[in-house]
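Each residue of the sequence shown is one higher than the one before, starting from 1 at the first, in the UniProt record's numbering.
Since the hints were derived computationally from the structure, they do not count as laboratory data. Incorrect hints may have been included.
[Unchecked claim] No more than 27 Å apart at the CA atoms, straight line, and that leaves these computed lysine-lysine pairs for DSS-like:
| hint | residue 1 | residue 2 |
| --- | --- | --- |
| 1 | K26 | K15 |
| 2 | K148 | K22 |
| 3 | K148 | K15 |
| 4 | K22 | K4 |
| 5 | K4 | K148 |
| 6 | K4 | K38 |
| 7 | K72 | K22 |
| 8 | K4 | K26 |
| 9 | K26 | K72 |
[Claimed, not checked] Distance ranges between label pairs, derived from CB positions:
| hint | residue 1 | residue 2 | range |
| --- | --- | --- | --- |
| 10 | H141 | D17 | 16 to 24 Å |
| 11 | E11 | L125 | 36 to 44 Å |
| 12 | L64 | D17 | 35 to 43 Å |
| 13 | Y142 | E47 | 30 to 38 Å |
| 14 | Q3 | S109 | 23 to 31 Å |
| 15 | E47 | A89 | 46 to 54 Å |
| 16 | K26 | Q3 | 22 to 30 Å |
| 17 | K148 | K26 | 18 to 26 Å |
| 18 | E14 | K72 | 26 to 34 Å |
| 19 | T116 | M88 | 14 to 22 Å |
| 20 | Q3 | R101 | 46 to 54 Å |
| 21 | P126 | A45 | 34 to 42 Å |
| 22 | A45 | L125 | 22 to 30 Å |
| 23 | T31 | Y87 | 30 to 38 Å |
The beta carbon of each residue, even a glycine, is placed where N, CA and C say it ideally should be.
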Amino acid sequence: MHQKAYYIGHEAQEKRDLVSLKHPIKNGLVTQWDNLEKLLHHTFANELKATPEDYSLMVSEPPLSPRAHREKLAEMIFERFNVPAMYMAIPGVLSLYASGRTTGVVLDSGAGVSYTLAAFEGYALPHTFNRLDIAGNDLTHYLTQILKERH
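Model the full structure from these sequences, guided by the hints.
Given below as structure tokens:
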């Protein structure tokens with residue numbers, strides 16, 4: 001029987017008792033670049049069924065991300081996937097756009113990081129950025145712990 005080198009998404013979850021789950025992004029920052037590359041390859045080939053060379057890419061990244069991470073991601077996107085153009089945006093600003101606004105205050109709490117920012121006419125104001133490495137995964141873990149203690 002042919003066994004794959006790695007599993008991603010639902011397939012990995014189904015085999016969680018047989019494999020070691022890896023999470024290439026922790027607290028909003030890439031910690032496992034090789035695994036992120038595999039994830040992106042899988043996403044383009046299997047989920048989007050798209051050739052990356054044919055499309056520009058928009059990537060969202062939390063505010064206060066290190067410049068070195070941004071540069072390394074851009075290098076991977078351009079050199080490994082031959083994407084012709086890439087735009088990096090702050091998710092909070094994109095959330096404002098999605099709500100039909102360009103000015104506002106945003107609280108964004110994802111799986112691994114929470115942050116606040118203010119934006120004016122589509123531009124995030126750097127002096128307003130606040131970051132907290134507590135988010136959805138931490139809340140899930142805490143609630144699971146409480147439920148286990150009760151039963």
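So, going through the hints one by one against the coordinates:
1. K26 to K15: 22 Å, holds
2. K148 to K22: 24 Å, holds
3. K148 to K15: 24 Å, holds
4. K22 to K4: With Cα atoms ~15 Å apart, K22 and K4 stay inside 27 Å; holds.
5. K4 to K148: 35 Å, violated
6. K4 to K38: Holds: K4 and K38 sit about 13 Å apart, inside 27 Å.
7. K72 to K22: Holds. K72 to K22 sits at ~20 Å (cutoff 27 Å).
8. K4 to K26: 25 Å, holds
9. K26 to K72: Distance of about 16 Å is within 27 Å: holds.
10. H141 to D17: 16 to 24 Å: 20 Å, holds
11. E11 to L125: 36 to 44 Å: With a Cβ separation near 42 Å, E11 and L125 satisfy 36 to 44 Å, so the hint holds.
12. L64 to D17: 35 to 43 Å: Since L64 and D17 have Cβ atoms about 37 Å apart, the given range 35 to 43 Å holds.
13. Y142 to E47: 30 to 38 Å: 31 Å, holds
14. Q3 to S109: 23 to 31 Å: Violated, at about 38 Å.
15. E47 to A89: 46 to 54 Å: 21 Å, violated
16. K26 to Q3: 22 to 30 Å: 27 Å, holds
17. K148 to K26: 18 to 26 Å: Roughly 23 Å apart at Cβ, these two residues keep to the hinted range, so it holds.
18. E14 to K72: 26 to 34 Å: About 31 Å separates the Cβ atoms of E14 and K72, which means 26 to 34 Å holds.
19. T116 to M88: 14 to 22 Å: 19 Å, holds
20. Q3 to R101: 46 to 54 Å: Cβ of Q3 to Cβ of R101: about 50 Å, so the range 46 to 54 Å holds.
21. P126 to A45: 34 to 42 Å: Given about 37 Å between the Cβ atoms, the range holds.
22. A45 to L125: 22 to 30 Å: 39 Å, violated
23. T31 to Y87: 30 to 38 Å: 24 Å, violated
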